[in-house]
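Peer 1: Required output: the full structure, derived from the provided sequences and hints.
Protein chains: 2
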Amino acid sequence: MKKHGIAILGFGVVGGGVADLITNNREEIKSYLGCEVEIKRILDLRDFPSSPFSSLVTHDFTDVINDEDVDTVMEMMGGSHPAYEYTVASLKAGKNVITSNKEVVANFGDEFVRIAKEMGVSYRFEAAVGGGIPVINPLLGCVRQNKIHEVRGILNGTTNYILTKMFTYGDSFENALADAQAKGYAEANPAADVEGTDACRKITILTALATDKLYDVKTVHTEGITGIRKADVLAAEKLSHKIKLLGRCIAEDGVNYVMVCPFLLPSDSPLSTVSGVYNAVEVVGDPLGNVMFYGQGAGAGATASAVVGDLLPIIAYGSENPIVPGFNRVSTPADEAFLRFESKKYIALPKGNEEKVREIFGNVDFIESEECAFITECESEARTNESLEAIGVPCLSKIRFL
Amino acid sequence: MKKHGIAILGFGVVGGGVADLITNNREEIKSYLGCEVEIKRILDLRDFPSSPFSSLVTHDFTDVINDEDVDTVMEMMGGSHPAYEYTVASLKAGKNVITSNKEVVANFGDEFVRIAKEMGVSYRFEAAVGGGIPVINPLLGCVRQNKIHEVRGILNGTTNYILTKMFTYGDSFENALADAQAKGYAEANPAADVEGTDACRKITILTALATDKLYDVKTVHTEGITGIRKADVLAAEKLSHKIKLLGRCIAEDGVNYVMVCPFLLPSDSPLSTVSGVYNAVEVVGDPLGNVMFYGQGAGAGATASAVVGDLLPIIAYGSENPIVPGFNRVSTPADEAFLRFESKKYIALPKGNEEKVREIFGNVDFIESEECAFITECESEARTNESLEAIGVPCLSKIRFL
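Residue numbers (the working numbering), protein chains in the order written: chain Y, 1 to 402; chain H, 1 to 402.
Because the hints were derived from the structure by calculation, they are not lab data. Be careful, since some hints might not be right.
[Unchecked claim] Result set (EDC-like, lysine to aspartate or glutamate): computed pairs, CA atoms no more than 20 Å apart in a straight line: (1) H:LYS351 <-> H:GLU370; (2) Y:LYS92 <-> Y:ASP63; (3) Y:LYS30 <-> H:ASP286; (4) H:LYS40 <-> H:ASP69; (5) Y:LYS351 <-> Y:GLU389; (6) H:LYS147 <-> Y:GLU27; (7) H:LYS398 <-> H:GLU195; (8) H:LYS351 <-> H:GLU389; (9) H:LYS238 <-> H:GLU370; (10) H:LYS165 <-> H:GLU187; (11) H:LYS147 <-> Y:GLU28; (12) H:LYS213 <-> Y:GLU27; (13) Y:LYS147 <-> H:GLU27; (14) Y:LYS147 <-> H:GLU38; (15) Y:LYS147 <-> H:GLU36; (16) Y:LYS3 <-> Y:GLU28; (17) Y:LYS30 <-> H:ASP253; (18) Y:LYS351 <-> Y:GLU370; (19) H:LYS218 <-> H:GLU336; (20) Y:LYS344 <-> Y:GLU237; (21) H:LYS40 <-> H:ASP20; (22) H:LYS147 <-> Y:ASP20; (23) H:LYS230 <-> H:GLU368; (24) H:LYS238 <-> H:ASP171; (25) Y:LYS213 <-> H:GLU28; (26) H:LYS30 <-> Y:ASP212; (27) H:LYS2 <-> H:GLU36; (28) H:LYS2 <-> H:GLU27; (29) Y:LYS147 <-> H:GLU28; (30) H:LYS30 <-> Y:ASP253; (31) H:LYS147 <-> Y:GLU36; (32) Y:LYS30 <-> H:ASP212; (33) Y:LYS213 <-> H:GLU27; (34) H:LYS30 <-> Y:ASP286; (35) H:LYS165 <-> Y:ASP268; (36) H:LYS147 <-> Y:GLU38; (37) Y:LYS165 <-> H:ASP268; (38) H:LYS213 <-> Y:GLU28; (39) Y:LYS183 <-> Y:ASP171; (40) Y:LYS147 <-> H:ASP20.
Peer 2: What follows is the structure, given as structure tokens:
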């Protein structure tokens, strides 16, 4: 039976999960891939003296590059550097690269795909969005014959867990975050999750897959959930809505509106039923209608499943990958269009501003609340900003409706 | 630009949807496939004098077979015959075949896959399960490196619509069915839907994809929803559960439990939130956890999307398809194992049998009801059947818990 040699870069949670999957599911992998997968090298700064893989560990990346038996490099280090350098070097050495690292895909995906094509190898990253959920392969392989109107998703499990706690148990953001940290769902430094950075990288990748345009992540309008207050949860419940942090890319008349921010979702929206650490991605296309992919968006096992799954097309069809994402880097900032993005919004101002709101926003719907809370017409970001400026009092909350 | 010629067999709802998609999304298809798709022939018994495609219509299948410009035959006739004969002839003529016809896949999939392999062409059927939802390609292409414990799904939109109406509006089965027929969701003769036959074909296909075993559909334990009464809906609501018609294949210690029947689902089950004509398929694997694919399970546009989507791997990778389902036909009847399948069950008997139930079923939980309704322990089908026989009164309802 053929053997396919792999190297694991980064022997942390996901890298360890991949090693476990390859060990525990040896039979499934053999029958699935028609080929054995053998771990040849593991690159990490640490040693793992008590691991059954300890003899494979190296601290020197050139050991990976120079090993002719390594067909595919699995990069699970996270971060941009040295993941970027190692990816480029691996591809240039004629090795396929599979990654779970959304940061490096969002920042440099266009370059990796170009080099991979030149070298006749594959660069694949199913695990970078939605953990174990098949999202990228179905998006690339099953739906692009449609006119894609929108890709939207709950792309970060930590923030979805926190919001679920706030809705189910009435927790404050601070308490829900502390609970997520205690359970290991949130990092000690949770900024990348709660401020939306992680979701922003993922929606940037999904946007590139759906529209062929790769935006600079720094230009994507990104709000996290740190500003969501108990009063907002109460207001949402009064409206029978839930608040979810969504990444969205809406393609309309040649314009892409790309954003990460909390949204108010009606209870019949499929995404509103996605709870806890689960993720989901919804694609809306013509004539497809809407389809949704749902599952565990993180965790060693689920992510490892996606990483190892990316071997199948490489082994079945060969290294050369004709179904590549159209990662065309665009210089237009993504948030340029965002000011023209139209939505209904829930807005909370300090009590006592009702008269001014009526005067400036017109005939809005007020929500029963201890604050001056109301719902705007469907209007552009620019318009809402102007109105709020004209009112001239601090805005306590502004949350868009889906 | 390259051209890929197709023939449409059956110019009904789905066939028409495919022609519309190819016409309306010409640009998307070109950029997606890197190739133009051209309809060369349309086979139907009818003429379509007012259709823009009227000149392509033929009543003679040999026109399709003899047309060298037809690379791929799309079979959307439904039924086993002559779909079977046309599929075999097309494959043997060296043409790829794509189908939306679950009946012919469930009955003859093994033979088609074998002939396709011999001829170096593709046989693909994404549209046969879940309409527009990518299910089969992700199942074949993304998750088989896991130990698959279960594939289960809401596989029929008509019955899900009827059950949703019964739960949301308290409709009787008869009224909900009449409404579904009025809206065009159910056929005049709804037997294949409401008796579970359609779902049975689909779970037979999914079972073959997940376990490599193709069972005779006639041996799969199949119950429909015709026996679901208002009293059952009320009992389910008392338990905060919903009733859904599920196809399930549970793989446990080398045994496959394959079935189609109504189940009681707790409200936190992802499948319980799937309403109306939507379908969803959930896959449970190790270390993947559970993932779900959700969307429109029928309709011209959604199904056409899946049919046309199956062209991508053919055009990108060539006709020869190394990722084929392990359609190994097994002679063991699927329902042989079913008698050993264990589940908790809700059972309703005529009022007044409480004493007998306690005597024979032991310490069960009774549900407040005008009937003698109770919940059994988790026990085998055989055991429950024996107990019911011993009680010897007509069973009004027996619905399993998920």
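Peer 1: Decide, hint by hint, whether the structure agrees.
Peer 2: Now for the hints, and whether the structure bears them out:
Restraint check for LYS351 of chain H and GLU370 of chain H: the C-alpha separation of about 7 Å stays at or below 20 Å, so the hint holds. For the hint pairing LYS92 of chain Y with ASP63 of chain Y, the CA-to-CA distance comes to about 15 Å; that is within 20 Å, so the pair holds. Restraint check for LYS30 of chain Y and ASP286 of chain H: the C-alpha separation of about 16 Å stays at or below 20 Å, so the hint holds. A C-alpha spacing of about 7 Å is found between LYS40 of chain H and ASP69 of chain H, which places the hinted pair at or below 20 Å, so the restraint holds.
A threshold of 20 Å between alpha carbons decides the hint, and for LYS351 of chain Y with GLU389 of chain Y the separation of about 17 Å falls inside it, so the pair holds. Only pairs whose Cα atoms come within 20 Å are accepted, and LYS147 of chain H paired with GLU27 of chain Y is accepted, the gap being roughly 9 Å. Taking the CA atoms of LYS398 of chain H and GLU195 of chain H, the gap is near 16 Å; set against the 20 Å cutoff, the hint holds. Our distance criterion of 20 Å between C-alpha atoms is met by LYS351 of chain H and GLU389 of chain H, whose separation comes to about 17 Å.
For a cut-off of 20 Å, the pair hint linking LYS238 of chain H to GLU370 of chain H stands: about 13 Å separates their Cα positions. Distance hint between LYS165 of chain H and GLU187 of chain H is fulfilled; the C-alpha atoms sit about 17 Å from each other, no more than 20 Å. Proposed proximity of LYS147 of chain H and GLU28 of chain Y is supported: the alpha carbons are some 7 Å apart, at most 20 Å. A distance of roughly 17 Å separates the Cα atoms of LYS213 of chain H and GLU27 of chain Y; the hinted pair therefore holds under the 20 Å criterion.
With a C-alpha separation of about 9 Å, the suggested pairing of LYS147 of chain Y with GLU27 of chain H holds against the 20 Å cut-off. Simply put, LYS147 of chain Y and GLU38 of chain H have alpha-carbon atoms about 19 Å apart, close enough for the 20 Å limit, and the pair holds. Between LYS147 of chain Y and GLU36 of chain H the alpha-carbon distance is near 16 Å, which keeps this suggested pair within the 20 Å criterion. Distance restraint check for LYS3 of chain Y and GLU28 of chain Y: the Cα-Cα separation of roughly 15 Å lies within the 20 Å cut-off, and the hinted pair is therefore satisfied.
With a C-alpha separation of about 19 Å, the suggested pair LYS30 of chain Y and ASP253 of chain H falls inside the 20 Å cut-off, and the hint holds. Using a Cα cut-off of 20 Å, the hinted pair LYS351 of chain Y and GLU370 of chain Y holds, with the two alpha carbons roughly 7 Å apart. Taking the CA atoms of LYS218 of chain H and GLU336 of chain H, the gap is about 12 Å. The hint holds against a cut of 20 Å. Using a Cα cut-off of 20 Å, the hinted pair LYS344 of chain Y and GLU237 of chain Y holds, with the two alpha carbons roughly 17 Å apart.
For the hint pairing LYS40 of chain H with ASP20 of chain H, the CA-to-CA distance comes to about 14 Å; that is within 20 Å, so the pair holds. A distance of roughly 13 Å separates the Cα atoms of LYS147 of chain H and ASP20 of chain Y; the hinted pair therefore holds under the 20 Å criterion. The hinted pair formed by LYS230 of chain H and GLU368 of chain H meets the criterion: a straight-line CA distance of about 15 Å does not exceed 20 Å. The hinted pair formed by LYS238 of chain H and ASP171 of chain H meets the criterion: a straight-line CA distance of about 17 Å does not exceed 20 Å.
Pair hint LYS213 of chain Y plus GLU28 of chain H holds up; C-alpha atoms about 15 Å apart against a cutoff of 20 Å. A C-alpha spacing of about 14 Å is found between LYS30 of chain H and ASP212 of chain Y, which places the hinted pair at or below 20 Å, so the restraint holds. Between the alpha carbons of LYS2 of chain H and GLU36 of chain H the distance comes to roughly 6 Å, so the proposed pair stays at or under 20 Å and holds. Between LYS2 of chain H and GLU27 of chain H, the direct Cα distance comes to roughly 14 Å. Compliance with the 20 Å bound is thereby established for this hinted pair.
Under the criterion of a C-alpha separation no larger than 20 Å, the hint pairing LYS147 of chain Y with GLU28 of chain H is consistent with the structure, at around 7 Å. Distance hint between LYS30 of chain H and ASP253 of chain Y is fulfilled; the C-alpha atoms sit about 19 Å from each other, no more than 20 Å. Of the supplied pair hints, the one linking LYS147 of chain H and GLU36 of chain Y holds, its CA atoms being roughly 16 Å apart against a limit of 20 Å. As the CA atoms of LYS30 of chain Y and ASP212 of chain H are separated by approximately 14 Å, the hinted pair is consistent with the 20 Å bound.
In summary, the hint linking LYS213 of chain Y to GLU27 of chain H is supported, as the alpha carbons are separated by about 17 Å, within the 20 Å threshold. At roughly 16 Å between alpha-carbon atoms, LYS30 of chain H and ASP286 of chain Y fall within 20 Å of each other, so this suggested pair holds. Of the pairs offered as hints, the one joining LYS165 of chain H and ASP268 of chain Y holds, with about 15 Å between alpha carbons and a cut-off of 20 Å not exceeded. Proposed proximity of LYS147 of chain H and GLU38 of chain Y is supported: the alpha carbons are some 19 Å apart, at most 20 Å.
The suggested pairing of LYS165 of chain Y with ASP268 of chain H holds, with an alpha-carbon distance near 15 Å, which does not exceed 20 Å. Only pairs whose Cα atoms come within 20 Å are accepted, and LYS213 of chain H paired with GLU28 of chain Y is accepted, the gap being roughly 15 Å. Restraint check: the Cα-Cα separation between LYS183 of chain Y and ASP171 of chain Y comes to about 15 Å, which is no more than 20 Å; the hinted pair holds. Between LYS147 of chain Y and ASP20 of chain H the alpha-carbon distance is near 13 Å, which keeps this suggested pair within the 20 Å criterion.
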